[in-house]
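Student: Here is how the chains run, residue by residue.
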Amino acid sequence: MGEAGSNGAIIGVLVSYFFVLIAIGWWASRESGSVKGFYVAGKKLPSWVIAFSSNTTGESGWLLLGLTGMGYLVGFHALWVVLGEVIGVALAWSLVARPYKEFTDRYDAITVPDYLSDRFADRTHVIRFVSAIIVFSMVWAYTSAQLTASGKAFSSFLGTSYEGGVLIGAGVIFLYTSIGGFKAVAYSDVLQGVLMFLCLLVLPIVGIAHAGGWGELMAAIGAADPALLRPMGEHGLTLAGVMSAVGFVGIGLAFLGAPQLLTRFMSARSRGEILGGGVMAVTCMIVFDIGAVLTGVAGRALFPGLTDHETILPVMSTELFPAIVAGVILVVVLAAIMSTVDSLLILASSAVVRDVVQKVFRPDYPDRKLSLIGRVLTIVIGLGGLAVALPESRMLFWFVLFAWSGLASAFTPVVLCSLFWKGTTRAGAIAGMISGFLTAVVWTVAVKQHFYDLYEMIPGFAVGFAVTIGVSLFTEPPEEAGEVMDDVRRVVGGPWKAGEGG
Amino acid sequence: MRTAGGAWAAGGVRTAGGAWTEGRGDGAMIAGLPIGTWVLMAAGTVPGLVLVVAAYRVHRAGDLGKGGGGSDNAAPEGRRVPGRGPETGGGRGPEAPQAQRGPGGDDG
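Taken in order, these protein sequences are the chains called V and C. Read left to right, the first sequence gives residues 2 to 503 (the numbering used here). Read left to right, the second sequence gives residues 419 to 526 (the numbering used here).
Certain hints may be false.
25 Å max Cα-Cα, derived SDA-like pairs, lysine to any residue [unchecked claim]: (1) V:K45 to C:L482; (2) V:K498 to V:T476; (3) V:K45 to C:Y474; (4) V:K498 to C:G454; (5) V:K449 to V:A467; (6) V:K45 to C:G445.
Restraint-style ranges between C-beta atoms, simulated for each label pair [as the list claims (entries may be wrong)]: (7) C:V464 to V:F20: 23 to 29 Å; (8) V:E393 to C:V471: 56 to 62 Å; (9) C:V468 to V:E320: 24 to 30 Å; (10) C:A449 to V:I325: 21 to 27 Å; (11) C:V468 to V:W49: 48 to 54 Å.
No lab work stands behind these hints, which were simulated from the structure alone. From the three backbone atoms N, C-alpha and C, an ideal C-beta is built for every residue, glycine too.
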């Protein structure tokens, strides 16, 4: 098949996929007429939807382009990322999700700031404003980087212009997200997650087969650089090696409390759905991550010497597969990007419409009007990301990891303290959010390069926890928080103890 | 084994069972990978699965049983937090005054 024929096949697959996404948006639009419907799908989602939606939102284009590239660059040392992410997802589903779901149902909360604001009796709305600022700035950075990845994916696979790729990707995401709201986002995540799952199951198998089998692949990798086979990589068991491993593990910590992931737990139909979803989510995450690392390792043996290691997946798919399959793999890359961008847009939109407009300034606005504002705002926020992505094609995946850590450092320590420690106070929560966020930013800008490139999530978490706990010890928690927490524990139980249900 | 040129050759000897038994200076190897790498791979997969399966077994009676976890969009009326109205009730918040906490609080 000539190049024109190949491109025709890829475009055919792509157009079909876009039609399916828009159809999902249209189908979901019936649920999106209210604020709760638009932002948490009316809290009616089943386990398999929240499992796939959580994983695909957490794993952006970074999984397919970044982690495969990491496998290519550092070999099996990248397995530390797998360790961190799988443990992070497992802890989130087994320890955090159930009490969080119970709390948010009791408070009738539909956003993370909504929950924190009620949990800490914040009548001044400071938590809502601080949350909105952090969410907005990080979503902007995150969305820009993901749209950049969209432009790169289009130009790698189809040879289109970078700008054209950004615009096409953004246009489709804006359309189905603004029409269908969170329900469209969650169900499209399922489709996108299944595609990612299949891709990362098949790609490493094909790569290993092309290398001549497992033994030959290991021999080739060992011949190229024996450090690629070792768990501690090129650094060995040194301080630099340990810091690198700790940083990789730290990437997974965000699954414990990043707001875009907590929204999935909130939107579950019941706690029972969370229970089943956890097993699915962890299984799926293992396939995602191990598949990505093995793809990169196989790619290192098959296509050594790439100047940009993050292009290994497009290179493998175009070199090892027929055009139509390469088209499907392009769709999978776009799926990974879209499944994250759509969730971020909804997150940022909810931070404004629910947490600021509805809860602070205009509680009298009817639901339909607020959901309309949400739709418009979703597009406006996306256009902000587009404005950064279009002229700047050099944005790399470190930008994604930075935004990921900024959101998680601000919210995870505070959310975990709020769920498990009665002594957490409003002042502690606000101070913890601000300090965790600022630490992640300052570490990235000024300290990281002088400290073994330690990933900013680690100091962000450490400072977030320390400040939340420290300030809480000197201030008073809301009176009713203790009673509510006791009752939540009675109902949901503990990690190894069944609750009374209800 | 290392070649004269210093490169790591496709070393290792495959046993009858198909496993690689000889390493490349990384200690014991299995199927061409250092044991430490296999341990890392196992540590990255097994504990996570065990954790969620254990949670499923512990909580399934309460959460999947009769009425467990509720089947609607919000907690039953009796479990709602006093002072929290429906989602459209802007400006809500606890009306109860803040109480004095004992020293040390509660570690939860």
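Student: Next, verify each hint and record whether it holds.
Tutor: Verification of the supplied hints:
Straight-line distance between C-alpha atoms of K45 of chain V and L482 of chain C comes to about 16 Å, which keeps the hinted pair within the 25 Å bound. With a C-alpha separation of about 31 Å, the suggested pairing of K498 of chain V with T476 of chain V is violated against the 25 Å cut-off. Between K45 of chain V and Y474 of chain C, the direct Cα distance comes to roughly 20 Å. Compliance with the 25 Å bound is thereby established for this hinted pair. Only pairs whose Cα atoms come within 25 Å are accepted, and K498 of chain V paired with G454 of chain C is rejected, the gap being roughly 34 Å.
Distance hint between K449 of chain V and A467 of chain V is fulfilled; the C-alpha atoms sit about 20 Å from each other, no more than 25 Å. A hinted pair counts as satisfied when its Cα atoms are at most 25 Å apart, and K45 of chain V with G445 of chain C does not qualify at roughly 53 Å. Between V464 of chain C and F20 of chain V the beta carbons are some 41 Å apart, a value that contradicts the proposed interval 23 to 29 Å. Between E393 of chain V and V471 of chain C the beta carbon distance is about 45 Å. The supplied range of 56 to 62 Å is therefore violated.
At roughly 39 Å, the beta-carbon separation of V468 of chain C and E320 of chain V lies outside the given 24 to 30 Å, and the hint is violated. Roughly 34 Å separates the CB atoms of A449 of chain C and I325 of chain V, a value that falls outside the hinted 21 to 27 Å. With their beta carbons about 21 Å apart, V468 of chain C and W49 of chain V fall outside the hinted range of 48 to 54 Å.
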